[in-house]
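Novice: Single-letter residue listing:
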Amino acid sequence: MMTNSLPPFVLFFVAALLLPFFRGYFRYALLLALPVIGGFGLIGLEEGSTLQFSLFGYGLEPFRVDRLSLLFGYLFHIAAFIGIIYSLHVRDNMQQVAALFYIGSALGAVFAGDLITLFIFWELMAVSSTFLVWARRTNKALASGFRYLIIQMSSGLLLLAGAAMLIYQNGDARFEYIGLDGQGLEYVASWLIFIAFGIKCAFPLFHNWLTDAYAEATPTGTVFLSAFTTKAAIYCMARAYPGTELLVYIGMAMTCFPIFYAVIENDLRRVLGYSMINQLGFMICGIGIGTALSINGAVAHAFTDVIFKGLLFMSMGAVLHMTGRINGSELGGLYKTMPKTTILCLIGAASISAFPLFSGFVSKSMVMSAALAEGYHGIWLVLLFASAGVFHHAGIKIPYFAFFAHDSGLRVSDPPNNMLIAMAIAAFLCVFIGTNQQLLYGLLPYTVEYTPYDMTHILAQCQLLFFSALAFVWLQKQGLYPPELRSINIDTEWVYRKMFPCTWNVIKNMYCSIAGYICAVTDKILCGIGLSVAHIYGQQGIIKKTLQTNYAVFMVMIFLLGYLLFYLFNLT
Amino acid sequence: MSDDKKYYFDKPENVSFVLRIFYAICGLLVVADIFIHRHTIHSWEDIFGFYAIYGFVACVTLVLVAKQIRKVLMRDEDYYDDE
Chain A
0 MMTNSLPPFV
10 LFFVAALLLP
20 FFRGYFRYAL
30 LLALPVIGGF
40 GLIGLEEGST
50 LQFSLFGYGL
60 EPFRVDRLSL
70 LFGYLFHIAA
80 FIGIIYSLHV
90 RDNMQQVAAL
100 FYIGSALGAV
110 FAGDLITLFI
120 FWELMAVSST
130 FLVWARRTNK
140 ALASGFRYLI
150 IQMSSGLLLL
160 AGAAMLIYQN
170 GDARFEYIGL
180 DGQGLEYVAS
190 WLIFIAFGIK
200 CAFPLFHNWL
210 TDAYAEATPT
220 GTVFLSAFTT
230 KAAIYCMARA
240 YPGTELLVYI
250 GMAMTCFPIF
260 YAVIENDLRR
270 VLGYSMINQL
280 GFMICGIGIG
290 TALSINGAVA
300 HAFTDVIFKG
310 LLFMSMGAVL
320 HMTGRINGSE
330 LGGLYKTMPK
340 TTILCLIGAA
350 SISAFPLFSG
360 FVSKSMVMSA
370 ALAEGYHGIW
380 LVLLFASAGV
390 FHHAGIKIPY
400 FAFFAHDSGL
410 RVSDPPNNML
420 IAMAIAAFLC
430 VFIGTNQQLL
440 YGLLPYTVEY
450 TPYDMTHILA
460 QCQLLFFSAL
470 AFVWLQKQGL
480 YPPELRSINI
490 DTEWVYRKMF
500 PCTWNVIKNM
510 YCSIAGYICA
520 VTDKILCGIG
530 LSVAHIYGQQ
540 GIIKKTLQTN
550 YAVFMVMIFL
560 LGYLLFYLFN
570 LT
Chain B
0 MSDDKKYYFD
10 KPENVSFVLR
20 IFYAICGLLV
30 VADIFIHRHT
40 IHSWEDIFGF
50 YAIYGFVACV
60 TLVLVAKQIR
70 KVLMRDEDYY
80 DDE
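First to last, the sequence lines map onto chains A and B. By numbering that gives the first Met the number 0, the letter at position 307 of the first sequence is numbered 306, and the numbering carries on one by one without gaps. By numbering that gives the first Met the number 0, the letter at position 40 of the second sequence is numbered 39, and the numbering carries on one by one without gaps.
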């Protein structure tokens with residue numbers, strides 16, 4: 000079936016190609032119009048309306064619309080709108096063109112109805128987003144971008160391998176439920192795709208690309224990065240692996256381990272990176288539980304997370320943009336001259352911490368309730384611990400060390416207006432969704448009655464959060480809270496940034512010394528042969544000595560005599 | 000870059016004022032547990048002030064464990080610079 004509507008990515012790709020030729024207000028107009036036109040274009044769409052065609056005998060579906068893809072479609076347009084406003088002051092074609100390609104690719108991925116299309120956009124997302132890291136134009140960012148690209152492309156290769164196996168096995172390329180319960184080749188394929196998605200979901204041990212690259216990208220680039228890649232991966236996971244119990248445990252680990260890192264991390268954007276893995280953990284858990292409520296909770300949380308995490312990244316981007324610093328040890332006291340940024344950051348902090356009336360509360364509580372209702376009591380306790388932890392580092396640590404704490408003496412003003420407007424829109428949405436949750440619930444894939452605002456939920460959540468804050472105050476007053484130190488913490492990146500290079504050096508040195516030894520031995524042998532040859536054929540050699548000229552004349556005489564005698568005998 | 004202007008939290012009495020309000024809210028939330036009946040699923044939820052205790056203990060544990068982890072994981076800022 001063909002529809003008149005164009006796949007949403009087309010708009011962004013065309014605009015990305017045209018953008019370098021636009022200047023001044025035309026450029027602003029083009030950039031701002033894109034997400035508005037694209038977003039409104041989605042509103043009229045009916046579920047099931049798709050664009051389909053056939054290639055090499057396989058049906059491709061580059062534009063599939065259902066409730067799940069539509070929700071992420073809306074979300075990505077909102078994120079694009081906020082991100083574009085936030086980066087409107089940027090005069091860098093590389094960044095803005097890359098951002099438009101990146102948004103388009105992410106939209107392409109969530110509307111992809113088949114595995115081939117998904118793979119293409121999966122890789123386009125990887126490449127385009129890398130330029131947002133490189134655009135920082137520092138050596139660190141360049142190196143970080145390469146690491147990011149290699150890991151993202153590996154995810155793509157796994158997806159390609161898995162997809163090829165599945166297509167070979169099933170004879171069609173549709174991207175639907177996959178699960179981990181197949182047999183034979185299908186089983187291998189399902190695992191390959193699972194890991195491919197898992198890498199981009201920042202599964203434990205595969206997570207380090209996120210904290211590495213998001214901390215090195217440009218202030219505006221990180222805002223885009225934080226919105227699309229991981230959420231597209233969550234979307235894919237929700238479509239292909241809902242109810243896979245393993246995800247519950249992976250999600251639990253994801254909610255838990257990053258909060259320890261976040262407490263001791265100095266780079267505040269890296270703290271937000273860890274906090275993002277923690278939030279992704281809640282979503283993965285929800286997908287793993289697999290009930291209508293938990294999957295609704297997972298995708299609702301993806302929706303709210305893009306906005307409040309975007310807001311937090313924007314506020315830290317504003318701090319970096321204005322002060323040129325982002326380490327907690329070098330910041331503090333900025334509330335004095337950046338009051339608007341401080342308030343907007345606090346709204347983001349309240350939202351991620353899931354305070355009642357803020358967006359995180361209406362989405363995260365669904366996952367928590369589902370875990371409890373399905374009998375995952377141990378998991379629920381861990382998630383509760385992680386909820387307290389996220390408030391501790393993202394809710395308190397981020398605003399406290401940036402805007403309050405000890406006075407760094409920095410007196411910079413609030414950022415440019417476009418940045419403030421973008422943050423204000425995100426902050427408004429955080430409160431709006433938190434108070435009008437039914438609008439969000441109405442977009443979710445399943446119809447489930449859920450009331451986040453009852454006295455039990457509100458009281459429980461307030462107690463949890465206020466006493467987490469009390470713990471922070473107590474630890475600070477006791478001097479037990481770990482100070483922000485100029486340092487880094489080693490993580491799984493140590494394997495490929497330290498262990499592999501060191502091992503390579505050891506191998507190289509070993510090779511060099513072995514090769515050196517072999518060379519020396521060979522030299523000796525060859526020298527020996529050389530000497531022997533010289534002994535026989537050299538100036539003083541045996542042959543040289545015996546073949547003196549007079550001997551040669553004598554020998555010639557002998558031959559001639561022999562020839563003469565032979566001749567005489569023949570005559571007779 | 001620094002100036003001599005006094006801001007809100009530069010005055011210790013303002014800090015303690017905000018903290019007193021904060022402590023009062025904490026107290027009220029625990030007291031509310033007496034009057035408000037929470038619907039519970041897990042047996043631990045029936046403990047008086049369960050969420051308050053859990054939140055406090057969780058965060059203290061988190062920070063103290065993280066401090067120990069720091070001893071193992073922390074490196075100089077230029078640790079990877081010789082790449």
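Derived by calculation from the structure, the hints in this document are not laboratory data. A quick note: this is a predicted structure, and the numbers were derived from the prediction, not measured. Among the hints, a few may not be true.
Stated by the list, open to error - Covered, in the sense of this in silico footprint (three residues per stretch, anywhere, with C-beta under 8 Å from a C-beta of chain A), are these stretches of chain B:
| id | region |
| --- | --- |
| 1 | 10 to 17 |
| 2 | 21 to 32 |
| 3 | 60 to 68 |
To be verified - Straight line, CA to CA, 25 Å or less: simulated BS3-like cross-link-like pairs of lysine-lysine:
| id | chain 1 | residue 1 | chain 2 | residue 2 |
| --- | --- | --- | --- | --- |
| 4 | A | K507 | A | K497 |
| 5 | A | K476 | B | K10 |
| 6 | A | K339 | B | K10 |
For each residue, glycine too, the CB sits at the ideal point set by N, CA and C.
Novice: Hints the structure violates: just list their numbers, smallest first.
Specialist: As far as the earlier hints go, only 1 is violated by this structure.
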